[in-house]
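> Listed below, chain by chain, are the residues.
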Amino acid sequence: MAAATQSHGWLWCAGLVLLTALAYGAFVDGPWVYEDANWLTFVADPVTDWTPPSRALTSATYHWAWQIAGREPALYRLGNLGLHLTNGVLVYALAASLLSPAAAAWSAGIFLLHPLNSEAVRYASARSDLLLTTFVLLAAWISLGRFSARRWLALALALLGASVSKEIGLVAIPLAAVTVAVWRPTAVSTKMVAPLWIALGALAGATIPILVPWIAMSPKGGGTFFTWPEFALLQMTAIWHLLALVPWPDGFSIDHDVVGLGLKWTLVAALLTAQAVVAIAWTWRRAPVVAWALLWVAAAVLPRLVFRTNEFITEPQMYTAMAGVSVLIGAGVARLWAWRPQPSALVEFFSGYRQEWAMSGLATKGLR
Amino acid sequence: MRVLVRVLIVSWVAASLAATQDRARLWALGERALWADTVGQYPEKPRPWVNLGRQYALDGDDALAADAYERALAASVQSERSMDEQIFGRGLAAANLAILRCTADHDVEAALATVTPIMAATIDPNRTQLIPTDVRKVYVWLQQRKATDGCGAPALSF
Chain A
1 MAAATQSHGW LWCAGLVLLT ALAYGAFVDG PWVYEDANWL TFVADPVTDW
51 TPPSRALTSA TYHWAWQIAG REPALYRLGN LGLHLTNGVL VYALAASLLS
101 PAAAAWSAGI FLLHPLNSEA VRYASARSDL LLTTFVLLAA WISLGRFSAR
151 RWLALALALL GASVSKEIGL VAIPLAAVTV AVWRPTAVST KMVAPLWIAL
201 GALAGATIPI LVPWIAMSPK GGGTFFTWPE FALLQMTAIW HLLALVPWPD
251 GFSIDHDVVG LGLKWTLVAA LLTAQAVVAI AWTWRRAPVV AWALLWVAAA
301 VLPRLVFRTN EFITEPQMYT AMAGVSVLIG AGVARLWAWR PQPSALVEFF
351 SGYRQEWAMS GLATKGLR
Chain B
369 MRVLVRVLIV SWVAASLAAT QDRARLWALG ERALWADTVG QYPEKPRPWV
419 NLGRQYALDG DDALAADAYE RALAASVQSE RSMDEQIFGR GLAAANLAIL
469 RCTADHDVEA ALATVTPIMA ATIDPNRTQL IPTDVRKVYV WLQQRKATDG
519 CGAPALSF
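From first to last, the protein sequence lines stand for chains A and B.
To convert, note that position 198 of the first sequence is 198 in my numbering; the numbers rise steadily by one, no gaps.
Throughout, my numbering is defined as the position within the second sequence, counted from one, plus 368.
Note that these hints are calculated values from the structure, not bench results.
Quick reminder that beta carbons are idealized off the backbone N, C-alpha and C, glycines included.
Check the hints yourself; a few may be wrong.
To be verified - One-sided and incomplete, this derived list gives chain A residues near chain B with beta-carbon spacing under 10 Å:
#1 Thr20
#2 Ala23
#3 Tyr24
#4 Val28
#5 Trp32
#6 Gly109
#7 Ser118
#8 Leu234
#9 Leu245
#10 Trp248
#11 Pro249
#12 Phe252
#13 Ser253
#14 Val259
#15 Leu336
Unchecked claim - Beyond 10 Å from chain B on every Cβ pair, some chain A residues (computed):
#16 Ala44
#17 Leu157
#18 Gln275
Okay, chain A solo, but in the shape it has when bound (with noise of 0.2 Å):
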């Protein structure tokens, strides 16, 4: 029976995998847009330097594109759409670990479609998001099995392939952490995970040279007029602004007004942060599927809070985080739909009176 539920749930996947394939296929036409036309100028010249962080990768598949269909757009929005298909499953192997293949079924087809991951696919410049989200997805779906040797080389070549495919790549040790440390508790501390620390430890000392200068970026350099509570707060508000588009799916934008969004915002991007907080530490034993995507989200966010760019979030940069925003809310969606009200004690109450009315003479005699 268990095995029967898991197939279906695998068969709603394709179904959703197809109907997404359909949904943008028929747009893979059009003119190159916005920033897509800087990365048109490397794509003969792929970028060399494959130390981490680094976008050597995702370079080299924009290289890969150039040499089969040259700067024609259909081919790299097709690879886009390709890898966003493949996180949809990704998201559903990862989600059925942890839920009900409904619920599963529900968050994957949240992940791929959803309008707020539109311009991801849509924009051959996001390419980097996608291909980080899933070796992020892999990373973490591969730490969630047994731990074998085999899984370990899988496990690094993941978080390799995160930090060649953007310079915030290094974001994956934080999320494949935080699933280990949520889902497996007790292998947090056992021996078999010490090189593990050891070698992502090791791995983000040897970056943090690389990472400085982006903290410290001057305005001349890229960077904001800002000053960091600033930025950081903006920022926070430019987050939230965005989530708020996952429930109400009307007002998207290649650009949105973050600083004309006001104080109002601001102050409810804070106190949602807050609440944010107590919920993951509420729900880290009694539900920990919330305080896992609460954390995931903020994983994939935080560097934008970090790093002081003269840029507020964008859509397409919110692709890694939708990964636990899909498996938040499809969890949730999927206890909706098979929710079945129950009485509630006051209705049962009235209820027995209801039925000693029926029951009295008034009643049987039509005198209502």
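Chain A is fixed; fit chain B onto it per the hints.
Frame of chain A, contents of chain B only:
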């Protein structure tokens, strides 16, 4: 109650799917449609106006481009805009407007008058960054145009 919950879920799924299709369709139309959509949502923000103006200019709609750049200039001097937006928006809108006045109207003097006030603003050492540098380049380029008779340069994006 259960039916109501399910109707709400189905409505949300339908609304999300429709929005995904709308976004994919809009992206397939190209950059002009995207920036037009953005200025519709955020008319107070300078960047969408600069980039929409650039698209108009690339399509040869010079009057629309000039109007968009003027709106970008007006938006970028609003006190509630951030320092980044004031510098980038004003610098790029002025530079693009100057290029347009030179290439479309062949009026080098008017073009120079557009960027000269921005050049003055770059005296502040904190503001000598990327965008004023671009403005300076446009200024130098326009001075060279005065000596020759050709105007032709692509607009800058923000």
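> Are all C-beta atoms of chain B more than 10 Å from that of alanine 44/A?
The assertion about alanine 44/A holds, with a minimum of 20 Å to chain B.
> Should the interface hint for proline 249/A be scored as holding, given a Cβ-Cβ cut-off of 10 Å against chain B?
4 Å, holds
> Should the interface hint for serine 118/A be scored as holding, given a Cβ-Cβ cut-off of 10 Å against chain B?
Because about 4 Å separates serine 118/A from the closest Cβ in chain B, which is inside the 10 Å limit, the hint holds.
> Closer than 10 Å between Cβ atoms is the bar; does alanine 23/A clear it against chain B? Give me holds or violated.
This interface hint holds because 6 Å falls under the 10 Å limit.
> Could you check if valine 28/A really has its C-beta closer than 10 Å to a C-beta on chain B?
The hint holds - valine 28/A has a Cβ within 10 Å of chain B, the shortest such distance being about 8 Å.
> Hint validation: valine 259/A versus chain B, beta carbon distance must be below 10 Å. Holds or violated?
Holds: closest Cβ of chain B sits about 5 Å from valine 259/A, inside 10 Å.
> Answer holds if the nearest beta-carbon of chain B is closer than 10 Å to that of leucine 234/A; otherwise answer violated.
8 Å, holds
> Let me know if the C-beta of tyrosine 24/A comes in closer than 10 Å to any C-beta of chain B, holds or violated.
6 Å, holds
> Is the interface hint satisfied for leucine 245/A? The criterion is a beta-carbon contact with chain B at less than 10 Å.
9 Å, holds
> The hint names threonine 20/A as touching chain B; please verify it with the least Cβ-Cβ distance against 10 Å.
9 Å, holds
> When the nearest CB of chain B is found for leucine 336/A, is that gap smaller than 10 Å?
Constraint on leucine 336/A satisfied, holds at 5 Å.
> Does the nearest C-beta of chain B fall within a distance shorter than 10 Å of the C-beta of phenylalanine 252/A?
This interface hint holds because 6 Å falls under the 10 Å limit.
In this structure, every one of the numbered hints holds.
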